[in-house]
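Visitor: If you read the sequences in order, they're chains A and B. Residue numbers -9 to 485, in the working numbering, belong to the letters of the first sequence in order. Residue numbers -10 to 84, in the working numbering, belong to the letters of the second sequence in order.
One or more hints might be untrue.
Stated by the list, open to error - Label pairs and their calculated CB-CB ranges:
| id | chain 1 | residue 1 | chain 2 | residue 2 | range |
| --- | --- | --- | --- | --- | --- |
| 1 | A | D410 | B | A69 | 37 to 47 angstroms |
| 2 | B | S(-9) | A | H38 | 24 to 34 angstroms |
| 3 | B | A69 | A | K253 | 53 to 63 angstroms |
| 4 | B | D58 | A | P140 | 48 to 58 angstroms |
As the list claims (entries may be wrong) - On the chain A side, residues computed to face chain B include the following (Cβ under 10 angstroms):
| id | residue |
| --- | --- |
| 5 | V0 |
| 6 | E1 |
| 7 | K10 |
| 8 | Y92 |
| 9 | A267 |
| 10 | A268 |
| 11 | T270 |
| 12 | D333 |
| 13 | L359 |
| 14 | K370 |
| 15 | R375 |
| 16 | Y415 |
Stated by the list, open to error - Which chain A residues face chain B? A few, computed with CB under 7 angstroms, are given here:
| id | residue |
| --- | --- |
| 17 | P91 |
| 18 | Y188 |
| 19 | Y303 |
| 20 | L369 |
Bear in mind the hints are in silico, worked out from the structure with no lab data behind them. Just so it is clear, CB atoms sit at the ideal spot from N, CA and C, and this is done for glycine as well.
Here is how the chains run, residue by residue.
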Amino acid sequence: MSDLLQLSAVEARAALASKKCTATELTQSYLDAAVQTEALNNYVQLTHDKALEMAAASDVRLQAGTAGPLEGIPLGVKDLFCTEGVETTACSAILKGFVPPYESTVTSKLWADGAVMLGKLNCDEFAMGSANETSVFGPAVNPWSDSNGPNLAAGGSSGGSASAIAAQSALLATGTDTGGSIRQPAAFCGVVGMKPTYGRCSRWGIVAFASSLDQAGPFARTVADSALMFSSMAGFDAKDSTSANSPLPDLASAMAAGVKGMKIGIPVEYQRDGMDAAITTLWEQGQEWLKDAGAEIVPISLPHTAYALPCYYIIAPAEASSNLARYDGVRYGQRVEEGGSLDDMYEASRAAGFGEEVQRRILIGTYALSAGYYDAYYLKAQKVRRLIRNDFDAAFADVDAILTPTTPSVAFPLGVKQDDPITMYLNDVFTVPANLAGIPGISVPAGLSSDGLPLGLQVLSGAFCEEKMYQVAQVIETQSGFSGAPQRAAGRANS
Amino acid sequence: MSVDNNTVKKIARLARIHVDEDRREALAGELNAILSWIEQLETVDTDNVEPLASVTGHSLPIRDDMVSDGNRQEQVIANAPETTSGFFVVPKVVE
């Protein structure tokens, strides 16, 4: 087959099953594509030999008729997932050279289902960032960037994952989402990114950022591919104490059912001043598509929306300051010794090993948890978090799903100096509430801005009701007719 | 609640991150900007609101206190900067 890169995962599965191509051919096409689009910096490591070994094993199983649901599908892994025998750094200097002796639960499940590992994907350092600019390997580039213009941000923190899917150098990819780190880059790169209900996917073996918010999820080019990959990632794991023992809903039948009779909430608080006009227009268009497909559009109120970001910027750094305390340079990772006391060694190692944004967040979190400030900041944020969750509970008592824009802007140029970290934080204004409430959310590419950059719509549903979210997402994908064809994708002339 | 150079020094020590003296002032400015933006939370009425620490809705599972893994010495020390006879060799950490 000539153009294997154009196949969706669902189509590739059919092609493999009907022997139109082999897993080795498919994998080789993706490895070549990754090399060809190297300038996008979305891989931090290509596991070439391992990929071909896994593909050969997939071909054996395909021949033997024992193929798994993802058999032979080439997949990239965010560098936050521990992969046995393959360096895992969370894109931080402090973990350079760290080779996990174990495999994360999520990636184990993907390999058990037959997926083929292409390599490790770029991300913000410890997943802290919204442009992939805090990575020690430098930023991933958005394949929608004009070759003659400035490089655009792929988004973050899972910027490498989104960039690789859009650039056709991975067919599927893992991501993690603590405040929007899957959905925002998916919107920027014109791909489908989904954050499941908190507890759906095991966190075991994923480098922790903020444990009460972190959740792994799939990146894909289509909604159906996203559902396929999610079904392999999800499931109870005794090794994660917050893992949910709740059966996965039937996603395929839900997606086939359409949205007739569904009630879709439109939160008034998500209409923000200064939002790109194209995004407001697309949001209205999305409502029309759903109405045309038989859904009822209902205005709703999520009154504490404005407080979600400040609430998040206490809770996430507080948890991060605690989680990242383990990196002390003693038993593994970077160590800096300049003589002096033990504390001097810790301080020097952590100052050299952590980048600026990670240090900033650890300091904010340490301050918020320190004696005298705990009640004013951390406890207060946890109470506001309850109110945000209550807002969603009240909304989902009445509606099946909620439709919002994914981001307030399109992809911005890389390297624009921002004096004020809060400007970067505002990227996550529409995505953070779902993490605080623990509910699932998906970003579906649905249109282009006047500059030809992709725009995403976000669908939220109640906890453990991913089928409703996918049901709506499928209709948006179909109605929008979005076809992702970035200029710098593999196979295009000027990539 | 304003952060000054001394507070930066204090929290940097608590966080075990060395911050050069000449960086403290800039950092204090950044942290103050973030904290004053966060202080809008004070306007939310949270009287009688229970803090939400976990969204899972289930209590922590308890397992039997039994050994379920082991005999992995080589893997355990695989990332150690230095080892001898199957042990970590580390700087003196008990003072």
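Visitor: Hints first: check each against the structure and report whether it holds.
Guide: How the hints compare with the structure:
1. In this structure, D410 of chain A and A69 of chain B meet the distance hint of 37 to 47 angstroms, their C-beta atoms being roughly 41 angstroms apart.
2. For the pair S(-9) of chain B and H38 of chain A, the beta carbons lie near 53 angstroms from each other, so the given range of 24 to 34 angstroms is not met.
3. In this structure the hint that A69 of chain B and K253 of chain A lie 53 to 63 angstroms apart at CB holds, the actual value being about 57 angstroms.
4. Distance hint check: the CB atoms of D58 of chain B and P140 of chain A are about 50 angstroms apart, consistent with the given range 48 to 58 angstroms.
5. At its closest, the beta carbon of V0 of chain A sits 32 angstroms from a beta carbon of chain B; the interface hint therefore is violated under the 10 angstroms criterion.
6. At its closest, the beta carbon of E1 of chain A sits 36 angstroms from a beta carbon of chain B; the interface hint therefore is violated under the 10 angstroms criterion.
7. This hint is violated: K10 of chain A has a C-beta 41 angstroms from the nearest C-beta of chain B, more than the 10 angstroms allowed.
8. Hint status for Y92 of chain A relative to chain B: holds, with the closest Cβ pair at about 8 angstroms, below 10 angstroms.
9. Hint status for A267 of chain A relative to chain B: violated, with the closest Cβ pair at about 26 angstroms, above 10 angstroms.
10. The beta carbon of A268 of chain A comes no nearer than 27 angstroms to any beta carbon in chain B, farther than 10 angstroms, and the hint placing it at the interface is violated.
11. The closest approach between the C-beta of T270 of chain A and any C-beta of chain B is roughly 25 angstroms, which is over the 10 angstroms cut-off, so the hint fails.
12. A least Cβ separation of about 7 angstroms between D333 of chain A and chain B falls short of the 10 angstroms threshold, and the interface hint therefore holds.
13. Checking L359 of chain A against chain B: minimum C-beta separation of about 9 angstroms stays under 10 angstroms; hint holds.
14. For K370 of chain A, the interface hint holds, since its Cβ comes within 10 angstroms of a Cβ in chain B; the closest pair sits about 5 angstroms apart.
15. The criterion of a C-beta within 10 angstroms of any C-beta in chain B is met by R375 of chain A, whose closest approach is roughly 4 angstroms, and the hint holds.
16. Because the beta carbon of Y415 of chain A sits about 8 angstroms from the nearest beta carbon in chain B, less than 10 angstroms, this interface hint is met.
17. Of the supplied interface hints, the one on P91 of chain A holds, with its beta-carbon coming within about 4 angstroms of a beta-carbon of chain B, less than 7 angstroms.
18. Hint status for Y188 of chain A: holds, given a least beta-carbon distance of 5 angstroms to chain B, under 7 angstroms.
19. Hint on Y303 of chain A holds. Least Cβ distance to chain B is approximately 6 angstroms, under the 7 angstroms limit.
20. Contact between L369 of chain A and chain B, as hinted, is supported at the beta carbon level, the nearest pair being about 6 angstroms apart and thus within 7 angstroms.
In this structure, the earlier hints numbered 2, 5, 6, 7, 9, 10, 11 are contradicted, and the remaining ones agree with it.
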